[in-house]
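Number of protein chains: 2
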Amino acid sequence: MTHLFESLEEEKKQRILNAALNEFADHGFERASTNRIVKHAKIGKGMLFHYFNTKKDLYHYLLHYCLDKTINDYLKQIDITERDFIERFKKAGELKMELFAEHPNVLNFLGTFFLADIKELPEDIQAKYTQLQKEGYEKIYSNIDYSLFRENTDVEKAFKMINWVIEGYERELKASLKGQSFSELNMEPYFKEFYKYLDMLKSAFYKKEEGK
Amino acid sequence: MTHLFESLEEEKKQRILNAALNEFADHGFERASTNRIVKHAKIGKGMLFHYFNTKKDLYHYLLHYCLDKTINDYLKQIDITERDFIERFKKAGELKMELFAEHPNVLNFLGTFFLADIKELPEDIQAKYTQLQKEGYEKIYSNIDYSLFRENTDVEKAFKMINWVIEGYERELKASLKGQSFSELNMEPYFKEFYKYLDMLKSAFYKKEEGK
DNA sequence: ATCATTTAGACCAATGTGGTCGATTTAAGT
DNA sequence: ACTTAAATCGACCACATTGGTCTAAATGAT
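Note that the protein sequences, when read in sequence, are chains V and U. Under the working numbering, think of the first position of the first sequence as 61, with each following residue one higher. Under the working numbering, think of the first position of the second sequence as 61, with each following residue one higher.
Just so you know, not all the hints are guaranteed correct.
Remember, identical chains collapse to one label, so a pair may be satisfied in a single copy or spanning two.
[Claimed, not checked] Straight-line alpha carbon distances no greater than 27 Å define the calculated DSS-like cross-link-like pairs of lysine-lysine that follow:
id : residue 1 : residue 2
1  : 116       : 268
2  : 136       : 252
3  : 99        : 151
4  : 136       : 188
5  : 136       : 73
6  : 262       : 252
7  : 262       : 102
8  : 194       : 238
9  : 179       : 199
10 : 238       : 217
11 : 99        : 150
12 : 199       : 234
13 : 72        : 129
14 : 150       : 179
15 : 156       : 256
16 : 72        : 252
17 : 217       : 262
None of these hints come from the bench; they were simulated from the model.
Please construct the entire structure, taking both the sequences and the accompanying hints into account.
And the structure:
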């Protein structure tokens with residue numbers, strides 16, 4: 061067995077993962093409490109240190125887990141053959157929402173991690189993290205069809221603005237649905253509204269379509 | 061003397077305020093440590109509890125202080141006779157930056173407070189908070205000249221998008237200048253870039269100017 | 001029946017908590 | 001110069017929480 065923890069029943073595994081991710085996301089590494097983790101995970105204290113020898117090991121395991129998940133379930137899924145920037149982002153936004161619906165704390169946890177000190181982490185985690193950054197940049201900016209934008213547009217700035225709008229909508233959505241179980245929600249109307257924003261962005265920054 | 065603390069030398073007052081604001085902003089009420097506050101403020105433990113009887117009293121004092129500052133130095137300064145939404149926001153953005161340059165932790169502290177439980181606070185603080193919300197809403201949305209927007213624009217959505225772009229720029233600026241003492245920085249080039257974004261927003265959402 | 005693996009949580013020393021208090025310094029008043 | 005009051009410090013308190021250990025019981029496997 062590579063890792064005791066891996067070969068647990070799925071449900072218990074999830075309970076522990078969720079409890080730990082939430083705790084670290086809320087308090088950061090040092091101020092996170094293993095006591096609260098075991099309480100929320102409903103396991104005995106001993107077990108946590110049986111599966112993961114130390115608090116730090118647990119933290120590193122979570123980092124691997126979350127980095128892998130975002131790379132595989134999010135980044136790798138982004139379709140780089142779609143050359144329309146906004147369209148590509150539309151699909152990326154959906155993927156992100158799906159990941160968030162299934163595993164909200166994965167993204168929460170990574171979000172807080174970005175702020176922490178990266179230097180004193182094991183090399184393999186640093187590597188995975190830089191991979192994510194590099195691949196993320198490519199997935200967003202490579203192979204974009206600039207000719208869709210109006211002439212004289214500062215495309216750099218347009219990219220950023222589009223990005224900020226999408227992030228803004230995501231934030232607002234999360235805030236307005238706070239507490240509700242995202243995964244058991246009918247997301248369709250929210251996607252519809254999301255698309256309206258994207259359409260406005262298109263007519264704001266793209267050339268008017270010829271014909272039609 | 062209404063409050064011992066008020067009649068201290070300005071410099072010591074600021075040291076204590078900064079230390080406390082940072083501590084609460086970083087850790088929230090419960091996990092904030094009075095020990096760390098006195099250490100960073102470079103005063104003895106006794107003094108803190110001499111000025112403010114309890115940790116909670118200190119917290120409430122800070123809330124009053126920050127709410128007053130944002131209401132007076134920011135909200136009240138927004139010029140409501142400017143009917144151009146983006147222009148009004150341009151000035152508001154500058155005010156916000158100025159406040160942030162002088163007292164970065166005031167906005168940081170309030171930012172974290174919004175997430176905390178509002179219910180179990182003294183009534184006067186709740187009142188001040190709702191005042192801020194109500195006045196903020198007015199200062200943003202009242203007396204706007206809708207005719208500037210292109211026809212068929214969903215103005216509600218345009219408002220939000222403009223808002224998100226401005227917030228996005230502010231975030232990026234803060235991140236890229238992290239660590240540097242904002243107040244002793246020449247902000248002009250950043251404002252220039254800020255204006256470029258605003259111009260793009262205008263040509264994205266406003267009617268084309270007649271003539272000229 | 002025997003041995004190995006899981007499990008829980010009481011327990012540990014160490015550290016940190018909000019808050020107090022006596023001792024000492026400084027300031028003020030006369 | 002003398003007295004009194006205010007300001008200041010940090011050792012100290014009882015208590016809570018920390019990451020981590022260990023024993024003893026439960027469960028599983030053969």
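Hints and how they fare:
1. 116 / 268: neither (55 Å within a copy, 58 Å between copies)
2. 136 / 252: within (25 Å within a copy, 37 Å between copies)
3. 99 / 151: neither (38 Å within a copy, 50 Å between copies)
4. 136 / 188: within (14 Å within a copy, 48 Å between copies)
5. 136 / 73: Within. Shortest intra-copy distance 25 Å satisfies the 27 Å Cα cut-off; inter-copy 53 Å does not.
6. 262 / 252: both (15 Å within a copy, 25 Å between copies)
7. 262 / 102: Neither. Shortest intra-copy (49 Å) and inter-copy (55 Å) distances fail the 27 Å Cα cut-off.
8. 194 / 238: between (31 Å within a copy, 22 Å between copies)
9. 179 / 199: within (25 Å within a copy, 44 Å between copies)
10. 238 / 217: Between copies, since 21 Å is at most 27 Å while 31 Å is not.
11. 99 / 150: neither (39 Å within a copy, 49 Å between copies)
12. 199 / 234: both (24 Å within a copy, 25 Å between copies)
13. 72 / 129: within (19 Å within a copy, 49 Å between copies)
14. 150 / 179: neither (34 Å within a copy, 38 Å between copies)
15. 156 / 256: within (18 Å within a copy, 30 Å between copies)
16. 72 / 252: neither (36 Å within a copy, 54 Å between copies)
17. 217 / 262: both (14 Å within a copy, 14 Å between copies)
In this structure, the earlier hints numbered 1, 3, 7, 11, 14 and 16 are contradicted, and the remaining ones agree with it.
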